[in-house]
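Here's the letter readout for the chains.
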Amino acid sequence: MPSSLLSPRTRGLAVLALVVLLLPLALRNTYYYEVAILVGLNAIVCVGLNLLIGYAGQISLGHAGFFGLGAYVSAILTARYGWPPLAAMLAAVAGVAMLGYLVGRPILRLRGHYLAMATLGMGIIISIVIATEDRLTGGPDGMQVPPLALAGFVLAGERTWYWVVGALLLGSVWLAQNLIDSPQGRALRALHTSEIGAEVCGIDSARHKVRVFVISTIYAAFAGALAAHYAGFITPGKVTFFHSIELVTMVVFGGLASTFGAVVGAAVLTTLPQALTLFKDYEMVVFGAVMMLTMIFMPKGLVPTIARRLHAAGR
Amino acid sequence: MATRHVLVAILSLWLASAHAQEPIRIGSFLAATGGAAFLGDPEQKTLEMYVEKLNAAGGVLGRKLVLVAYDSAGDAEKARTFAKRLIEQDKVDLIVGGSTTGETMAAVPLVEQAGVPFISLAGAVVIVEPVKKWVFKTPHTDRMACEKIFLDMRARGATRVALISGAGGFDKSMRAECLKVSKNHGIEIVADETYGAADTDMTAQLTKIRQNTQVQAILNAGFGQGPAIVTRNYRQIGISVPLYQSHGVASKEYIKLAGDAAEGVRLPAAALLVAEKLADGDPQKTVVALYTREYTGRFKSDVSTFGGHAYDGLMLAVEAIRKAGSTDKAKVRDALESLKGYVGTGGIVNLSPSDHMGLDLSAFRMLEIRKGDWTLVK
Amino acid sequence: MSAPFLQFLLAGLTIGAIYALVALGFSIIYNASQVINFAQGEFVMIGGMATVSLAGAGWPLPAAIAGAVLLAAAIGLALEKLAVDTARKAPVVTLIIITIGASILLRGAAAILWDKNVHALAAFSGDAPLNIGGATIVPQSLWVVGTALAIVVVLSLFFGRTLLGKALLATSHNRVAAQLVGINVRHVLLASFGISAALGAIAGALVAPITFTSWDIGVMLGLKGFAAAILGGMGSGPGAVLGGLVLGIAEAMGAGYVSSAYKDAIAFVGILAVLFFLPGGLLGRRSADRV
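Chains as they are written, first to last, in this note's numbering: chain Y, 1 to 315; chain S, 1001 to 1378; chain W, 2001 to 2291.
Certain hints may be false.
What the hints assert, rightly or not - The calculated DSBU-like cross-link candidates involving lysine-lysine, where the alpha carbons are at most 35 Å apart (straight line), are:
(1) W:2081 with S:1132
(2) S:1323 with Y:280
(3) S:1045 with S:1183
As the list claims (entries may be wrong) - Calculated from the model, a selection of chain Y residues having no Cβ within reach of chain W, i.e. all distances over 10 Å:
(4) 21
(5) 22
(6) 24
(7) 113
(8) 118
(9) 132
(10) 155
(11) 180
(12) 181
(13) 208
(14) 252
(15) 268
(16) 282
(17) 288
(18) 295
(19) 312
Hints listed in this document are in silico derivations from the structure and should not be mistaken for laboratory results.
Values in this document were obtained by computation on a predicted structure and should not be read as measured data.
Positions of the beta carbon are idealized from the N, C-alpha and C atoms, including for glycine.
In isolation and in its complexed conformation, chain Y is listed as follows (with noise of 0.2 Å):
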């Protein structure tokens, strides 16, 4: 087959589909698919993100505020308001687009460090307010969620959710992917080499910026909203602006700018603390030097560098 029709592209796709479908093999109890079902769900947000920070080269430091909003307002609709569960859960995403994009517009004129604080913050305040407000949201104990029903079938079980969220997961790259190809994602392109230069070539960059902003916060608050109906229950934990940064790390170790980077970071990331336990006391210490020695010794992140290497040795 001409090597032309299997771009990179629908390569890494088929590679991804196919690890997807031969998992199970290797998961021997419901503990490992619920490990790989929170890979898949910060994989969604991971690839939103890296739209965002990789593309776009912009910054967040608050996205597990919209992962966190995402998974509270379908929590509250569907417990305290009896809403079907897929209803509630399209609610949240649109109202936590709308905020995005409301949001987006003024905070996206800031650059670099200014641009991290103002999402940094933006997160902070809506941790706080998901905390404080404990009559609707459960306070710092949280509350439980009702299951996702489609159509009268409840979706529940490790193995039902792998499949959900691993044929979410496709989609999910597979549209980023469309974006990124687009003539949306080469303006997006263009704006991260210089700003200045795109406006000139006559791309909106503040239409674009506020564009994919939302974007991400569309992937974020699916995957919060699908957490939440998966486990029954969500506390503030998720929206805290550790996990913020957990997800920002996610996307550079895994490799900035490449779609499948972020979900490799995401895997990587997930897995390793459960993997980690058995350096007990040490787990913190191992941890943090394991994210040093990878990003001082592959800065580009994990799959770049590999792509690299590897195509460098097939020469």
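Keeping the supplied structure of chain Y fixed, place chains S and W upon it in accordance with the hints.
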């Protein structure tokens, strides 16, 4: 020649041990690091030490105990994942853990579904109310703490109370319980201030309370370093009405941090803290004195009620396993429910199908801090 | 001035001075390298914890503080040499992740080396509250504000009068130009980490008698220090100090007059508002970008 004999000896010993009895697996997820390490650290030390001691004394039902413990760092998500790991992967017989309410509640649906007895070490009343089939707890509830404090306040003639609490789960839960039961005890809450989990200065909130001339007593529902800072600030700006703390600060750490400012502060706590001061006829004296001696001897640090709750949890579990004669989960659960008159560090425990905690208000003693030490209030 | 207002103001000034010191640490490293050192809060933690443990081992207080500051400075230098310098060709985002990894590692190491408990340090000159116009402060507050002032003066002398200080300033204005005039920017970067670490440690030791110290106290202080540095304009020394004081006072006033539950949210909304009108922070340089 000798080498071959040694090899044979080693091989036969190894084979023999492979035929030995299946160990009893006790699972645990504790907040050993993170914001609640205050709780999880003594809990972990206690569990490790007593599993060792029980094994040295021959184990339970002739079987060795194995403790599988994970650090959930006060994070409910991690707690959930570890609970699942304990149930599915490590196949534990029973779980003693869950340092905070958030972590406990995240694991509750899992143990209920899998049918594994779970003894929680967290405080909020919501853990056992409504009663859940497989979930028990050893610490006194926050509602009991409110009631004990309100009774003492009334006895001193104070009925209008200012509440000050932090942002954590324990703080918010206790605050809500206190607001709920205040009317039943003739108490009126006239001020309600809060502070953040990592806040370092509460003079602003306390100044507002001081300005409120109605206030006759202050109740600080919190744990960690917040209450110590509240206590210092309270002394610094010269408030004269009495200050009550919660059982969340029931450890010498609080006195060390608050220093002289803690003089005269009252709080409800388990008898464990005043082991040497208990009357000789006190039913808890033997248990708490022994635990205090063993814990301080091994770890060279003061006992805290949190470690005591872990001790009670483990001992209740062992009692139930002995009574059930096996580690069959349903039998152990039934045995737990039938335990009566167990003397623990937290009080005398009487479990039943409708009461999965088993303590009443007498299990709480009212303590006052004098000269840097706990004293019993008669 | 009413007594409660004065009380809030004094509380805000005390914590604001600490934020200012941490913010200065961020600014100095940023100036030399464009890197945000997320491990800055951990230097504050090391300052406090090391002082507590040295003092507990019998060292006299000034020696304990000096020892803690030296330890923090050494760790800062090691961090720069082993991690940041080795990865100096990496994009800025990667360097930031490296410092995040370093902060996790330092926290984990602190939990093992010391413990997970909260510790108090004895106040430098006693606990007897001082009455000022109806408001009270502890003497330690005076130490905090006074030392912070002294440090700001020393730093401005350092940057204005010494060769190393001027080299640091030159690097922050234009790295290439600085290299062209013979400044070893790698040494400058090393020095910046050492100085920031020392600053953080001093702040940690100063504030431990008031706020207590523990293995994870660096997180919140680091975050607030970062916010203060941005508020004042990242890279501006006076901006860092101003940002710190404004943040501290805003928090105290928010708690006192609006809502104690939302005081942090109020402070952050305030920061966002400032950034909206002044995208470079209060005293931020209006930099010109080369197109």
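A quick look at each hint next to the structure:
no.	hint	verdict
1	W:2081 with S:1132	violated, 56 Å
2	S:1323 with Y:280	holds, 33 Å
3	S:1045 with S:1183	violated, 40 Å
4	21	holds, 32 Å
5	22	holds, 31 Å
6	24	holds, 32 Å
7	113	violated, 5 Å
8	118	violated, 6 Å
9	132	violated, 5 Å
10	155	holds, 35 Å
11	180	holds, 19 Å
12	181	holds, 23 Å
13	208	holds, 19 Å
14	252	violated, 5 Å
15	268	holds, 13 Å
16	282	violated, 7 Å
17	288	violated, 3 Å
18	295	violated, 5 Å
19	312	holds, 18 Å
In the structure shown, a violation is registered for the earlier hints numbered 1, 3, 7, 8, 9, 14, 16, 17, 18, in ascending order.
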